[in-house]
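Protein chains in written order, with my numbering: chain F, 1 to 170; chain Z, 1 to 170; chain L, 1 to 170.
Fair warning: there could be bad hints in the mix.
Any copy will do: because identical chains look the same in the list, a pair fits if it lies in one copy or spans two.
What the hints assert, rightly or not - With a straight-line cut-off of 20 angstroms between C-alpha atoms, the simulated DMTMM-like cross-links for lysine to aspartate or glutamate are:
hint : residue 1 : residue 2
1    : Lys76     : Glu18
2    : Lys166    : Asp41
3    : Lys47     : Glu138
4    : Lys76     : Asp152
No wet-lab data here; the hints were simulated from the structure.
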Amino acid sequence: MSATKVLVLGGAASGKSEFAEDLVCRLGPERLYLASAEARDAEMRDKINIHAARRGAGWQVVEAPLDPSHTLTTDKPVLFDCATMWLSNHLSAGSDLETAQAALLSALADCPGPVVTVSNEVGNGIVPDNALARAFREAQGRLNIALARQADCVVQVVAGLPNVLKGTLP
Amino acid sequence: MSATKVLVLGGAASGKSEFAEDLVCRLGPERLYLASAEARDAEMRDKINIHAARRGAGWQVVEAPLDPSHTLTTDKPVLFDCATMWLSNHLSAGSDLETAQAALLSALADCPGPVVTVSNEVGNGIVPDNALARAFREAQGRLNIALARQADCVVQVVAGLPNVLKGTLP
Amino acid sequence: MSATKVLVLGGAASGKSEFAEDLVCRLGPERLYLASAEARDAEMRDKINIHAARRGAGWQVVEAPLDPSHTLTTDKPVLFDCATMWLSNHLSAGSDLETAQAALLSALADCPGPVVTVSNEVGNGIVPDNALARAFREAQGRLNIALARQADCVVQVVAGLPNVLKGTLP
Numbered sequence: 001m002s003a004t005k006v007l008v009l010g011g012a013a014s015g016k017s018e019f020a021e022d023l024v025c026r027l028g029p030e031r032l033y034l035a036s037a038e039a040r041d042a043e044m045r046d047k048i049n050i051h052a053a054r055r056g057a058g059w060q061v062v063e064a065p066l067d068p069s070h071t072l073t074t075d076k077p078v079l080f081d082c083a084t085m086w087l088s089n090h091l092s093a094g095s096d097l098e099t100a101q102a103a104l105l106s107a108l109a110d111c112p113g114p115v116v117t118v119s120n121e122v123g124n125g126i127v128p129d130n131a132l133a134r135a136f137r138e139a140q141g142r143l144n145i146a147l148a149r150q151a152d153c154v155v156q157v158v159a160g161l162p163n164v165l166k167g168t169l170p
Numbered sequence: 001m002s003a004t005k006v007l008v009l010g011g012a013a014s015g016k017s018e019f020a021e022d023l024v025c026r027l028g029p030e031r032l033y034l035a036s037a038e039a040r041d042a043e044m045r046d047k048i049n050i051h052a053a054r055r056g057a058g059w060q061v062v063e064a065p066l067d068p069s070h071t072l073t074t075d076k077p078v079l080f081d082c083a084t085m086w087l088s089n090h091l092s093a094g095s096d097l098e099t100a101q102a103a104l105l106s107a108l109a110d111c112p113g114p115v116v117t118v119s120n121e122v123g124n125g126i127v128p129d130n131a132l133a134r135a136f137r138e139a140q141g142r143l144n145i146a147l148a149r150q151a152d153c154v155v156q157v158v159a160g161l162p163n164v165l166k167g168t169l170p
Numbered sequence: 001m002s003a004t005k006v007l008v009l010g011g012a013a014s015g016k017s018e019f020a021e022d023l024v025c026r027l028g029p030e031r032l033y034l035a036s037a038e039a040r041d042a043e044m045r046d047k048i049n050i051h052a053a054r055r056g057a058g059w060q061v062v063e064a065p066l067d068p069s070h071t072l073t074t075d076k077p078v079l080f081d082c083a084t085m086w087l088s089n090h091l092s093a094g095s096d097l098e099t100a101q102a103a104l105l106s107a108l109a110d111c112p113g114p115v116v117t118v119s120n121e122v123g124n125g126i127v128p129d130n131a132l133a134r135a136f137r138e139a140q141g142r143l144n145i146a147l148a149r150q151a152d153c154v155v156q157v158v159a160g161l162p163n164v165l166k167g168t169l170p
């Protein structure tokens, strides 16, 4: 039987990553940080360093920009941060999104340990001018719906505070 | 006495239309799909076709880009999808928004059957650069407030999950 | 002992200011409107006038675009509208944000009377193209988290309706 799967949604700088880290810390002393971000520029490198400094010790970091399935075989608590960068990496790589999403969902569902997945809400602004941004928010929306459907618990983070939308927090 | 009026809010690709369709399907076997979208380009045509395929049979489609009041006299369950396209059509047409909004609100309130109205949340991003987009999100915000005020039930859909803000779901 | 501090969050045109005004009106007959907006252009002047007309009598208006601490010594109910304009003013002025934010948080916490602070949610759209907008939404997100942490009650306003995230409304 697989363990609890949690989806943590939130806007940019909503406190979602910090909330998710605290959640995973409560699930066990040895934990995996499954990172989808790649340090392609200085802004992203700064962000990665800030996150790493905040998390502190007790985390094993695994970088998996495209395919996290090899890591999702552990029974240690996993923080998958985040589905939005994962999606962005696949769009940049020109992947077939349907196939990639099906593989991700299946790997998450089958992981023997608990997994907390972080994902962004990007659809609550004005319609973007450019078609790529519109396609991205459509794909992100569909991914969030699919992740939410199979999660045991879904929580939206607003200004650091949880708004539980499904199930109960572990 | 008029029947239950529900407002379904959500961002782009939040699952709001699918949620609203399910809601209307539970309200009766014969139902009306009151469409405000017009197929002006390929992207919109695709979107309309995807929605139609998902809804399946049992729906009578009525297209009313500007004035849905003639249809809002039925006692069959109605899905009005969506107030955002309706607003966009009126802005494009150069309508007087105050008059148009008052007529819409009155038609919705007086409709003898249940109506589920779908509308977008567009105000939670960065201030848009262009004045038209700023005016649109102001108008959409005011419209949502007015729709919410007279609705019996208001639900915000996040990743396909309901967050009930007013009343109870029928 | 300091009185209740409330944070009212919401998107543009979500009804957050009106909700906050009603809240402050219930807290006392003599109240302060602590305004951070400056009428730099016609659009902003219109907005300020609309807000003022809606509020009506019974408000003493104090303009404090950068430093509201001198006013936050009263025991009358205060509406601080809004933290987003305050942040924007500091970014324009080239202030050190960490210092300014610490001073604001401290003045709010120490105010002997009740204070209702309005702030915008700006992080739920697509990643903005320009670096300044990205920096702004990061700073706004961090400010909202800090305001929420020290508030007794946090409420998100959606289409004029409250979604209480922390504590209970006074």
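Hints, one by one, checked against the model:
1. Lys76 <-> Glu18: within (19 angstroms within a copy, 36 angstroms between copies)
2. Lys166 <-> Asp41: Result: close neither inside a copy nor across copies, 36 angstroms intra and 37 angstroms inter.
3. Lys47 <-> Glu138: Close across copies (11 angstroms), not inside one copy (25 angstroms); limit 20 angstroms.
4. Lys76 <-> Asp152: within (17 angstroms within a copy, 36 angstroms between copies)
Comparing the model with each earlier hint shows a violation of hint 2 alone; every other hint is respected.
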